[in-house]
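Asks: One letter stands for each residue in the lines below.
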Amino acid sequence: MSLRSNVLDLRKRKSEVQKGGGDKAIEKQAAMGKLTARERILALLDKNSFHEYDLFVEHAAKDFGMEGKTLHGDGVIIGTGTIYNKPVCIFAQDFTVAGGSLGLMHARKITKIMDHALKMRVPLIGINDSGGARIQEGVNSLAGYGEIFFRNTLASGVIPQLSVILGPCAGGAVYSPALTDFVFVVENISKMFITGPSVIKSVLGEEISMEELGGAKVHAEITGNAHFYAETEMECFEQIKTLISYIPRSNLKKALAHKPKAPLKGTNIDDIVPADPRIPYDMRELIKSVTDGSEFFEIMEGFAPNIIIGFGRMDGETVGFVANQPMVLAGVLDCDSSDKAARFIRYCDAFNIPIVTLEDLPGYLPGVDQEHAGVIRHGAKILYAYSEATVPKITVIVRKAYGGGYIAMNSRHLRADFVFAWPSAEIAVMGPEGAANIVFRKEISEAENPEEMRQLKIQEYKEKFANPYVAAAQGYIDEVIEPGETRSRILHALQVSENKTASMPNKKHGIPPF
Amino acid sequence: MEDQKELKTLIIQGAVYKTTYTKKFENRVNYETPNENLIYSFIPGTIVDIFVKPKQKVKEGETLLLLEAMKMENQVRMPFDGTIVKIYIKKDEIIPKRHLMLEIKPA
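Taken in sequence, the protein lines are chains A and B. Here the first sequence is numbered in the working numbering, starting from 1 and rising by one per residue. Here the second sequence is numbered in the working numbering, starting from 1001 and rising by one per residue.
Among the clues, some could well be false.
To be verified - With a straight-line cut-off of 30 Å between C-alpha atoms, the simulated DSSO-like cross-links for lysine-lysine are:
1) B/Lys-1097 - A/Lys-217
2) B/Lys-1018 - A/Lys-464
3) B/Lys-1008 - A/Lys-288
4) B/Lys-1071 - A/Lys-201
5) B/Lys-1008 - A/Lys-217
6) B/Lys-1091 - A/Lys-217
7) A/Lys-217 - B/Lys-1090
8) A/Lys-201 - B/Lys-1008
9) B/Lys-1024 - A/Lys-288
10) B/Lys-1097 - A/Lys-201
11) B/Lys-1024 - A/Lys-86
12) A/Lys-261 - B/Lys-1071
13) A/Lys-462 - B/Lys-1024
14) B/Lys-1018 - A/Lys-201
15) B/Lys-1090 - A/Lys-265
16) B/Lys-1071 - A/Lys-288
17) A/Lys-288 - B/Lys-1091
Unchecked claim - Listed next, the stretches of chain A that the computed footprint assigns to chain B, with coverage defined by at least 3 CB atoms under 8 Å from CB atoms of chain B:
18) 33 to 43
19) 201 to 208
20) 365 to 376
Please keep in mind that the hints were generated in silico from the structure rather than gathered at the bench. Where is the CB? At the ideal position from N, CA and C, for every residue including glycine.
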């Protein structure tokens, strides 16, 4: 054979394998409203940047009729490419090949690209679309999952790991996404659960559809397993690209700076927050009034919306925002919002992203369900995460900062670097209403007109304690600032904190209240 | 999104806040003090057999019925000496979790 015919032979082999499960299977995939694994990779990465490896890998299973079967690429595509010219490692399970089932070689391809990502310190993106373990390969398939989970854990906090659920991801397979930093789901396409509807029905008699059990909305709003929800695959890819633009390549780097921009004109920061601490407003407006171009990339929008997390830029640099949302449940902390914020704070800390906290909360959500769901251990996570974080930590107290919530939301006592308060801030053990009832119980109950006395005492307490000056007198607040100064104060604080050094005592690792 | 929602009230430490609820908050189960005279199923399953009748006196620990779930036959026993007041289930009936099965009263 001449070299030329060798090349032609290679091309023929490649085009054969690149068809995955063949035309029929591809048609079926399209009928489900899904792109193929290869289409997905090409749609997500920069044009012409994808480089594939292990195209010719074949399974070596010999049992249950597998010996005669050819599974192109063993049902998964791996490779490297770029997003906005930044390198990424990627794998995409190919549902057209044996339902994307995971066998030994399939898993080896995935772990190969994972090892590569960790060694080269570049982000890893995994596109999941698989029926699960390849039962014919028995324990080898389970071994494959275990090897993937182990690497997810090793890479955690070193390189960004993104999981994109574009099909079923069931049983043990769900634990790889669960171990990664960000999970993306798409309406009608993503399905994640440990035990499927048919098993639940046969064992427990409970009837539920796949969508209701583990569809995109469920994970974006109820379970908190997903961070980003999209209506189409293309929208999902845009979200991935945007996220990649905000985060650094690895824990050794800082996120790439963009060109600084001023916030959009038109929103007056003084008009966003009502003076009455019991009247809500949309905290996102406040975040947008301080970020470059008034852009804010929210994470976990649908889950525990009483706290807001996400990325914005200030002076071109990525900043992580954590903020109470008075518009939902008055912005209380509860089990879910604590989990949500704590994990994000740890993410920012691991990847050198400064944290800006905007505070306005009445405290913790009361209720038997909360107490019994473990709000103590969940709430403790947020304290743990803020305390252990050594990235620059800046807090702005906008209105209410009561009780345990005040301490938890990156207070001075957890080593916040800068704490600012608006003149509308109320820093106290509890709100005036509750406090007056306790402190002046006797005066109120013995008064001729108890209700009148109560209002009088509430007013008295308000004037004495419901302000930022008691805390400022102790130095717990560094400065009381005007709302209009918020952005410039944060910007300066970030600039001053750029070379921040802070260390934790030597330890193998802490024991956070997981 | 929230703007279109009607504002509700949430009371935290005496203060009444205007805000919106989440679906999860609206769907939360209100706590009820357990009534020990009512025996509920702790798991969904099938009633395989019932060994007692209304007005029957039963000693603590005696088996009242068999509830099959997850391929296991669970013996539901009398929690104290007492009497069967009412039976809410039938043999071979498939019942969900937290389904009222028996009403009893102490001796």
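Asks: Each hint should be assessed against the structure and marked as holding or not.
Replies: Structure-based check of each hint:
1. B/Lys-1097 - A/Lys-217: holds (25 Å)
2. B/Lys-1018 - A/Lys-464: holds (24 Å)
3. B/Lys-1008 - A/Lys-288: holds (25 Å)
4. B/Lys-1071 - A/Lys-201: holds (13 Å)
5. B/Lys-1008 - A/Lys-217: holds (24 Å)
6. B/Lys-1091 - A/Lys-217: violated (39 Å)
7. A/Lys-217 - B/Lys-1090: Not satisfied, since the Cα-Cα distance of roughly 39 Å exceeds 30 Å.
8. A/Lys-201 - B/Lys-1008: Violated, at about 37 Å.
9. B/Lys-1024 - A/Lys-288: At roughly 27 Å apart (the allowed maximum being 30 Å), A/Lys-288 and B/Lys-1024 satisfy the hint.
10. B/Lys-1097 - A/Lys-201: Satisfied, since the Cα-Cα distance of roughly 13 Å is no more than 30 Å.
11. B/Lys-1024 - A/Lys-86: violated (39 Å)
12. A/Lys-261 - B/Lys-1071: violated (64 Å)
13. A/Lys-462 - B/Lys-1024: Given that 30 Å is the threshold and the Cα spacing comes to 33 Å, the pair is violated.
14. B/Lys-1018 - A/Lys-201: Roughly 41 Å separates the two Cα atoms, so the pair is violated.
15. B/Lys-1090 - A/Lys-265: violated (70 Å)
16. B/Lys-1071 - A/Lys-288: Cα-Cα ~56 Å, so violated.
17. A/Lys-288 - B/Lys-1091: violated (63 Å)
18. 33 to 43: With 0 residues close enough to chain B, the hint is violated.
19. 201 to 208: That given contact holds, which follows from 4 residues of the stretch 201 to 208 of chain A lying within Cβ reach (below 8 Å) of chain B.
20. 365 to 376: Holds: 6 residues of the stretch 365 to 376 of chain A have a Cβ under 8 Å from chain B.
Of the numbered hints listed earlier, those contradicted by the structure are 6, 7, 8, 11, 12, 13, 14, 15, 16, 17, 18.
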